[in-house]
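2 protein chains.
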Amino acid sequence: MKKKNKKVNAAILIIGNEILSGRTKDKNIPFLANWLNLKCGISVEEVRVIPDVEKTIIENIKIMSKKFNYVFTTGGIGPTHDDITALSIAKAFRLKYAYHQEAYTILENYYGKKNFNDGRKKMAKTPVGAKLIYNPSSAAPGFMTKNVLSLPGVPSILNSMIENCKRYLVKGLKVHSKTINLSTVESNISAGLSSIQKKFRKSVDIGSYPFFRLGKIGVSVVSRSTSKKKLSIVQKEIFKLAILKKIKVVKFKSN
Amino acid sequence: MKKKNKKVNAAILIIGNEILSGRTKDKNIPFLANWLNLKCGISVEEVRVIPDVEKTIIENIKIMSKKFNYVFTTGGIGPTHDDITALSIAKAFRLKYAYHQEAYTILENYYGKKNFNDGRKKMAKTPVGAKLIYNPSSAAPGFMTKNVLSLPGVPSILNSMIENCKRYLVKGLKVHSKTINLSTVESNISAGLSSIQKKFRKSVDIGSYPFFRLGKIGVSVVSRSTSKKKLSIVQKEIFKLAILKKIKVVKFKSN
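Those protein sequence lines, which keep their order, are chains A and B.
The numbering of the first sequence is our numbering, which starts it at 23 and goes up by one.
The numbering of the second sequence is our numbering, which starts it at 23 and goes up by one.
Don't take every hint at face value.
Just so you know, same-sequence chains aren't split out, so a pair can sit in one copy or run between any two.
To be verified - In the DSS-like style, the derived pairs of lysine-lysine whose C-alpha atoms are separated by at most 30 Å in a straight line are:
id : residue 1 : residue 2
1  : Lys268    : Lys25
2  : Lys267    : Lys28
3  : Lys29     : Lys118
4  : Lys258    : Lys61
5  : Lys193    : Lys143
6  : Lys143    : Lys200
7  : Lys188    : Lys136
8  : Lys77     : Lys220
These are calculated hints, taken from the structure and not from any lab test.
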């Protein structure tokens, strides 16, 4: 993975009627968001969930591939009629959609010539020029077309493939994050936090999130920055605010 | 809730850096998707997750409120500096952003005059003309601006308010859904399913999803339609396909 000394961003495009209908709970958004932010220094700037509709996929690929350094798609790369991600991406970039020779060989070896039916062959089709993302758990590869990386929708398979995306990615500046849990309510610290945020508006993002955890209620104040130094100054200011307001700091094991 | 004899759709806009960073796992998408689809006959057509950035919120509200019958936003309606949903929606619709008299009274009564500080007062501000969505669990109301309904990000509070959205919604045609679990792999039924889908492409959506459940692997074939009659014909065709291919049908308690 190459390194770049600046911010690199990505968007996630979840393709699947089953998430929109509520039938399936998405697990790929938090997994990809954590992996990209923490392991790759790539900040996720937008997520969209869209249906298995060709026109909609094409439209979103066009917009998002222009707007972000990388787009990760999940879903729609299996053997059935509702798997139209590869074809739609080919159309979005005006590329031909054809057998990828290496993918074809991988799948033919995996299933055996006799059992390599049309559905399975379909999984060897990609936009022409796509690079493969190898799949150690069920053979059918993902693929990268321009800056769009296409992964399957089944979380366990996606997870098994994710490290194979790294070779194609440029690593960005890592965003560091610190959390302080305060035993208070948001409205008690809103003015104080607001003035700290104003002072550091160019370098640190401060978010505040109410929590109800292990019988305690309070507010998690999360600061995020590419600069560890700025982050540590902001932490000190938040502790000062807590002392001033006589607010107890709560510690959880997972912080 | 009024009824309408045609399809009604909605989009969900999750506003929150904490979801994009991976720190917080979203729980509102599946909750809202289920509630809208199953309880209201409102089909969810798109979900977006965006950061707490005014320009981005404004842009998305403008696009999505034109494209869908309803837009549900979550997050960003608390008392702190990163709660900018109400102001951003006001700007998107070129409305003034000011105290909502009834919200002001509700919150003043809830906190008491003495404890009604600026942070808390902020939660009484909405785009002018917004209608309130009452909050039985923590007082601070959500609000509806034109066709945009704004709810909080904390799932337990959102859940407690959801029934209070109903008065503002028009009920659409219910989409019925049937699942058949087949003890097979997708590529074995892809050609068969594809030809059933072609025959019913105008009335039924067929999706196929591999499963790994209770030690069994297989494929869930989900059919969705506003017509119960068409749905039942499609079910019969899928059962025929299973018999033809000598595939066992698996039953789970939750289907």
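Results for each hint:
Taking CA atoms no more than 30 Å apart as the test, Lys268 paired with Lys25 passes in neither setting, with 44 Å inside one copy and 53 Å between copies. Taking CA atoms no more than 30 Å apart as the test, Lys267 paired with Lys28 passes in neither setting, with 38 Å inside one copy and 55 Å between copies. Taking identical chains as interchangeable, the C-alpha atoms of Lys29 and Lys118 are never at most 30 Å apart, the minima being 33 Å within one chain and 36 Å between chains. Taking identical chains as interchangeable, the C-alpha atoms of Lys258 and Lys61 lie at most 30 Å apart only when both belong to the same chain, with a minimum of 27 Å there against 48 Å between chains.
In this assembly of identical chains, the alpha carbons of Lys193 and Lys143 never lie at most 30 Å apart, being 34 Å within a copy and 43 Å across copies at closest. Taking CA atoms no more than 30 Å apart as the test, Lys143 paired with Lys200 passes between copies only; the shortest distance there is 29 Å, against 48 Å inside one copy. In the homo-oligomer, the alpha carbons of Lys188 and Lys136 never lie at most 30 Å apart, since the shortest distance is 34 Å inside one protomer and 56 Å across protomers. In this assembly of identical chains, the alpha carbons of Lys77 and Lys220 lie at most 30 Å apart only when taken from different copies (17 Å versus 43 Å within one copy).
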